[in-house]
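Peer 1: Build out the structure end to end from the sequences listed, making use of the hints.
So the protein sequences, as listed, match chains A and B. Okay, so the first sequence: first residue is 0 according to numbering that gives the first Met the number 0, each after it adds one. Okay, so the second sequence: first residue is 0 according to numbering that gives the first Met the number 0, each after it adds one.
Source of the hints: derived by calculation from the structure; they are not laboratory data. Possibly wrong hints are sitting among the right ones.
Unchecked claim - Computed spacing ranges between beta-carbons, pair by pair:
no., chain 1, residue 1, chain 2, residue 2, range
1, B, 362, A, 58, 49 to 55 Å
2, A, 78, B, 304, 22 to 28 Å
3, A, 77, B, 245, 28 to 34 Å
4, A, 109, B, 89, 33 to 39 Å
5, A, 69, B, 195, 42 to 48 Å
Unchecked claim - Below, computed lysine-lysine pairings styled on DSSO-like, alpha-carbon distance capped at 27 Å:
no., chain 1, residue 1, chain 2, residue 2
6, B, 181, B, 162
7, B, 104, A, 112
8, B, 219, A, 90
9, B, 219, B, 162
10, B, 162, B, 104
11, B, 219, B, 181
Cβ coordinates follow ideal geometry from the N, Cα and C atoms, glycine included.
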Amino acid sequence: MKRSLRMAVAPVMGALLLTGVAAPSLAEPTFSSEQVALMASGCANCHGTDGRLVGSVPTIAGRPAAVLETRLLAFKHGEPGDTTIMDRIAKGFTDEELAALAGHFAAIDPVDKDDSNNAQEPQE
Amino acid sequence: MTKHLQRSGINRRQLIKGLGAASLLPLVGGVTPFAIGGENAGKVVVVGGGFGGATAAKYLKRANPAIEVILVEPAETFYTCPFSNLHLGGLRSMDAIAHGYDELKDRYGVRVIHATAEDVDATAHTVRLSTGSDLEYDRLVLSPGIDIRWNALEGYDEAAAEKAPHAWKAGSQTEILRAQLKAMDDGGTFVMVAPDNPFRCPPGPYERASLVANYLSQYKPKSKVLILDAKDNFSKQGLFMEGWERLYGDRIEWVGLSNDGRVTRVDAERLEVETEFGTVHRADVLNVIPPQKAGWIAERAGVTDDSGWVPVKPETFESQQVEDIYVIGDATVAAPMPKSGFCANAQAKVVAAAIAASLESRPAPEAYWTNTCYSLVGPEYGISVAGVYRVQDGVIAEVEGSGGVSPMDAPDATRALEAEYAVGWYNAICQDTWGTQA
Chain A
0 MKRSLRMAVA PVMGALLLTG VAAPSLAEPT FSSEQVALMA SGCANCHGTD
50 GRLVGSVPTI AGRPAAVLET RLLAFKHGEP GDTTIMDRIA KGFTDEELAA
100 LAGHFAAIDP VDKDDSNNAQ EPQE
Chain B
0 MTKHLQRSGI NRRQLIKGLG AASLLPLVGG VTPFAIGGEN AGKVVVVGGG
50 FGGATAAKYL KRANPAIEVI LVEPAETFYT CPFSNLHLGG LRSMDAIAHG
100 YDELKDRYGV RVIHATAEDV DATAHTVRLS TGSDLEYDRL VLSPGIDIRW
150 NALEGYDEAA AEKAPHAWKA GSQTEILRAQ LKAMDDGGTF VMVAPDNPFR
200 CPPGPYERAS LVANYLSQYK PKSKVLILDA KDNFSKQGLF MEGWERLYGD
250 RIEWVGLSND GRVTRVDAER LEVETEFGTV HRADVLNVIP PQKAGWIAER
300 AGVTDDSGWV PVKPETFESQ QVEDIYVIGD ATVAAPMPKS GFCANAQAKV
350 VAAAIAASLE SRPAPEAYWT NTCYSLVGPE YGISVAGVYR VQDGVIAEVE
400 GSGGVSPMDA PDATRALEAE YAVGWYNAIC QDTWGTQA
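Peer 2: Structure, rendered in structure tokens:
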């Protein structure tokens, strides 16, 4: 996988502002923000948009990056234990990608401030 | 050259080439959403408001709110195929699988038009609606789902589907089949005709058989389920069969291709089906899941091939046949990704990112897709399959070592946990797609 030529830090602020994220994580500069956002969007199907959903599947938004990264690496490399499915999914990503995902979700405010009352006008 | 470049008055692709793409890219990526508003950011029409289309509309707006996004979907309320088997089994109301478009409209500023897309003029870049008006587009996303191949199975046409419902598009078909099952006398046989690959939701027929059996075991204990299958293997087969034996004994009988399971003729009036080698089976309730193809508008747009499905460029899901048309979901040829709502949602995000990039003349980010699919063998007995996919050597491939199905011989607690996660999965993907939770 060649990623060294991809856009690095510059677009991060713009993209994160769009998704309403306050503190960008620049811990993993080898992936563009666009790239990480696309990778992370694959988590939303079970964890809700931006990883914020509260339910039987754990919320991942706003959890410390180190905690998330440790968990993801354990799912990937460790003995299958306290998970039913994340071990199968984590094996599809490199360690660097898992670290970038951990940073991405750690930087998201678990409270969705844009929800409902803050709705924008439809653009006709 | 596409229309949006002509309309915007300045040919940005040329400009970028002239200045050197590399030096300009970070600037474009960071500034464009705010610096360029309205029509200059591009106009995208999305046809189909299911898992693929609704997600594409939402994630296009998340990628760049300045892109004008129009979603065309005839229904104001969308009923999901996932969890429609729970309705058939009496475990969930139709309201609890119903979703709408308020979040797309109110939060993301998507213009939602409740009409049918009837034709596509790829040269003019327009979509003809059932209202008679034409929509222009710079990029078109088709997420048309499946259509039934009427009469591909002898005797199975639209009239037959009223008597022997397919229920493979959720809604009135689901309700007909549920009503028939409820009205069936105890001691009756629920016969399901299962199709050959490829078809929408590979584990779906077997989850349906499971939840019908669960209902029968409680309310009509002398009744049976017979599955007549046009193939010899099916999704999560070992897990389903293990679960059937455990929960339902011999209530479910599965007859595969090699044992004359392939149905070649349907008589919906008499509720009879005939197999390849002439065996006639009589049903009390007959559920025919027939051969399928890409939703009709895909044919009109010229993106289908001889198979009836849509070949796409793996990196972006742009049509291989028609420029500026992107296709997602069950309509596409995306194997080894299955035709699942989850994959449609995952493909929609790749398409949204690819289109947002292409409207700014940037290369698309590298595509990733995941699939996570739960099936309920019983209300407290869940099983799953997962996969992670990337483009490798120009084709979509499952990442080696990732994915796979739940373990065999797992303890009850694991099955119960996966049943719980199945509900969490449903809530999450519906929230991610429509912003609604049932």
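Peer 1: So, for every hint listed, does it hold in this structure?
Peer 2: Evaluation of the provided hints:
1. B:362 <-> A:58: 49 to 55 Å: The hint (49 to 55 Å, Cβ to Cβ) is violated, given that residue 362 of chain B and residue 58 of chain A are roughly 33 Å apart.
2. A:78 <-> B:304: 22 to 28 Å: Distance hint for residue 78 of chain A, residue 304 of chain B is violated at roughly 45 Å.
3. A:77 <-> B:245: 28 to 34 Å: holds, 29 Å
4. A:109 <-> B:89: 33 to 39 Å: holds, 36 Å
5. A:69 <-> B:195: 42 to 48 Å: holds, 45 Å
6. B:181 <-> B:162: holds, 15 Å
7. B:104 <-> A:112: holds, 18 Å
8. B:219 <-> A:90: violated, 44 Å
9. B:219 <-> B:162: holds, 21 Å
10. B:162 <-> B:104: Given pair residue 162 of chain B, residue 104 of chain B is violated - Cα atoms ~38 Å apart, limit 27 Å.
11. B:219 <-> B:181: holds, 9 Å
The structure is inconsistent with the numbered hints 1, 2, 8, 10, although it conforms to all the rest.
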